[in-house]
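Engineer: Keeping their order, the protein sequence lines are chains A and B. Each residue of the first sequence is one higher than the last, beginning at 1 in our numbering. Each residue of the second sequence is one higher than the last, beginning at 1 in our numbering.
Hints may contain errors.
[Unchecked claim] Selected chain B positions facing chain A (in silico; Cβ < 7 Å):
(1) Asn72
(2) Thr76
(3) Arg87
(4) Val252
(5) Met256
[To be verified] Pairwise CB distance ranges, derived in the manner of DEER restraints:
(6) Phe232/A / Val15/B: 50 to 58 Å
(7) Pro170/A / Leu58/B: 49 to 57 Å
(8) Pro118/B / Ala236/A: 34 to 42 Å
(9) Ser24/A / Gly115/B: 32 to 40 Å
(10) Trp235/A / Gly115/B: 41 to 49 Å
(11) Gly126/B / Pro170/A: 50 to 58 Å
(12) Thr86/B / Ser41/A: 35 to 43 Å
Please keep in mind that the hints were generated in silico from the structure rather than gathered at the bench. Glycine is no exception: its CB is placed at the ideal position from the N, C-alpha and C atoms.
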Amino acid sequence: MLDALRFEWTRLRTLRSTYWMVGSGLVASAAIPVVLGLAASDEPLHADAVNISVNGGASFVIPFLAVFMAVVGIFATGHEYRHGTIQPTLTALPQRSRLILAKILTVTALTAVATLVSMAINATVVLVFWGEVPGLFDDPVRSALLGYLAYNLIYALVGLGLGLLFRGVPSALVVIFLMPLIIETLFVGLTMVPALEWLASAVKFLPFTAGEELMLTSPANFGPAAPDFDFFDRWASGGVFAVFAALIIGAAWILFKKRDA
Amino acid sequence: MISAKGLHKRYEKTVAVDDLSFEVRPGVVTGFLGPNGSGKSTTMRLMLGLDHGGGETLFDGERFTSIRRPMNCVGTLLEAKQFHPTRSARNHLKMLASANGIANARIDRVLDLVGLGPAKRKKPKGYSLGMSQRLGLAQALLGDPHTLMLDEPTNGLDPHGIHWMRDLLKSLAAEGRTIFVSSHLLSEMQLMADELVVIGRGHMIFNGDVDQFVREFTTSTVIVRSPSADAFVSALEAKGASVTKGDDGELVVSEMEIGMVGHLAFTEGIELTELSSRSASLEEAFMSATGAAEQFVAEQPIQTAQTPEGAKNA
Ligand SMILES: Nc1ncnc2c1ncn2[C@@H]1O[C@H](COP(=O)(O)OP(=O)(O)O)[C@@H](O)[C@H]1O
Ligand SMILES: [Mg+2]
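Looking at chain B on its own, in the form it has when it is part of the complex:
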């Protein structure tokens, strides 16, 4: 169990983390989600006492900096490529292990576990980003800790590696461990996490389970196609729905249940060629939740023909 209270960090001008409080429960994977620059890494560094700032984080009741031999309790992967280029993977782990009373056999065990067994005596200078992440994960798992904190661990992994990482984290959580893993990709969290902590610009946006996040931040709409669409618009609007026209001539109806739309078509005697509901994908929910809090807003590319993503027939 991790409990973070009142985390706060300001760099000269920017407030990177603003009064974040949350709990991370054992037995589930908790995703830490936010766009680039929203303060995920800073929050993790604060939690570990690497950065100095406000607030307090307790790992099973103890501050990280007062845990004796902390790798046996809390495993961490912060940034990729944090090792000396000519010290072999095995020696890198050996160094960290020597500060935590971890046996050599365990080093070989975790290197095999992350698939670096054959490369363990190689210098990490030649490692790809994916291999570096695997070494970082081996480092996190070294002390067989009850709590894992991983900062964007799937960066640089291929799809197979991402799949493997997901399964690994889920099985570790199923063993009763506390897993806190950050990502800027909601689709990834949707597959991996049970709980979410979502931040934008250092502020808490959402804390709860994944389904609840989707419900809270998605507005479902009803799609209608009809030969007499124009007549139907005024009927819908008269009943309080708001209607916009899609690119394809379809009507996008919000603020009215799909059943009510169907009933209205029936009473008005309007022929429908399509009646379906569309709920925004999790990605869209994420965008709408964090959009206002986005740090680096890029120019929108020019829109071309749009296919309605996530549409599902009712």
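So here's chain A without its partners, still in its complex pose:
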């Protein structure tokens, strides 16, 4: 297993895109507190603002870092097929489950480190503009930031699973962008049509929408026309997202063991 981890770590390190993705994620996330600081550093900070600043707008705009780390996850398996390296890889490391486990562990570790670094950078930015980061280590911000870490990890693993499931990069990218941004948004939008209100009870099972509950300090606002979606609590909603990731990875893993390389 150590050999597999060494392999994956070398694979990640020798790929330029890894640096680009992590770097872009950190910069895009840091841009949010910088913009907030420039626009509103004279206003007092409340919990929502601290949360959004430190998570880089993940719970408000787009989860930048999660998206970039998901691409790293997609590349972890998708690149192997796209560039035909899966055969050399499996002749260097023929135990397939060990290889997948190593990929999961390295992507998870890298995402965790990148997320913690990003939060540290963003907290520092807040400190520079406001001179303090109120309530960083107290609930609700503390739980929301732990949730943000979990959200990024699950998001990256969904990417890894999709890359392995589709055995390529483009289709996995399409799904990971289409699903949260278009399909789930459309679904939530449909519940606002009075005749389709009965769909509302299913919203709490939409994986990406449920996953966002992990990062919130106050209930999500879907607009005045939205029915009550009756979400599970933070960690149970995160569980919905995690189950989704586990299903994708599980299916991909089983297929990977069965299929020809």
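For this one, chain A is given, so just place chain B with the ligands on it according to the hints.
Structural biologist: Coordinates of chain B with the ligands only, in the frame set by chain A:
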């Protein structure tokens, strides 16, 4: 030593490999020969557990997938261009080496060995097919393995490169290693291999040494030229030979020894201007062995003047 037993692989409709069993001995180069699409690559993938199918292959008694750090035992080159376009040759090998406990010094050593030393920090995106094959060979040699499996390694190499590859494989075999190398070119195998495994449409056609293959699949014929050829034909046929006329008016005699043909000319009092034997070249032997098993049969080009290739004077 590689021993493959009962290898079988079917894709939806085609049976690509049908019950192949063979052994590959150490100390010699074993050629794996077959026309395009005959199942060579599929067989190699099966042997390495990359494809799932029937049968079992043991490398010195172990299945490939249960070998710990397999690159140190079995080196492989499957297809060219199996690397990330922006990861340098050195980093590509470093990645594979890290899974097999191979030191960095060895990476530089094999890159120099295959002649990629000056290009090792370049991105393989710009590599020619020949350079890609060299990188693939470096990958195969990385763990200094006792067994090598190479799928058409000379594809894309220039004549000088092919010569170099041939010498390299022979010297590796002479060190006692097991070398299994595929090709669709018999002429190449004739120069490189000592033993042959020949397949057509996934079926075993021949397994043995190269000379034996030639003997089994070549029929030698006798060429006769004579001013009174027509008279001689009936004499030959009366003695049981079968005779055809060549394009040039020469007689092509089969099913009769050259000495017997000469003797018959003498007893019949027929003047000969040529009496020679012709054995089919290895290429022709290959064609006759695999012809029926050819997968993709192209239309024959229109024949123009034919020179008797491989003719040798008796
Ligand atoms: N992945 C695949 N899916 C379906 N058919 C395949 C696949 N790979 C090879 N084949 C078929 O199997 C046969 C053997 O192919 P291959 O092993 O590549 O032959 P060779 O290497 O001798 O040229 C061919 O008929 C080919 O079309
Ligand atoms: Mg082939």
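Engineer: Each hint should be assessed against the structure and marked as holding or not.
Structural biologist: So, going through the hints one by one against the coordinates:
1. Asn72: Interface hint status for Asn72/B: violated (10 Å vs cutoff 7 Å).
2. Thr76: holds, 5 Å
3. Arg87: Holds. Min distance 5 Å.
4. Val252: violated, 48 Å
5. Met256: violated, 52 Å
6. Phe232/A / Val15/B: 50 to 58 Å: Roughly 53 Å apart at Cβ, these two residues keep to the hinted range, so it holds.
7. Pro170/A / Leu58/B: 49 to 57 Å: Violated, since Pro170/A and Leu58/B (Cβ atoms, about 40 Å apart) do not stay within the stated range.
8. Pro118/B / Ala236/A: 34 to 42 Å: Given a distance of about 59 Å, which is not inside 34 to 42 Å, the answer is violated.
9. Ser24/A / Gly115/B: 32 to 40 Å: Between Ser24/A and Gly115/B, where Cβ atoms are some 38 Å apart, the hint holds.
10. Trp235/A / Gly115/B: 41 to 49 Å: Given range 41 to 49 Å: violated, Cβ gap about 58 Å.
11. Gly126/B / Pro170/A: 50 to 58 Å: For Gly126/B and Pro170/A the Cβ distance comes to about 24 Å; the hint is violated.
12. Thr86/B / Ser41/A: 35 to 43 Å: Given a distance of about 41 Å, which is inside 35 to 43 Å, the answer is holds.
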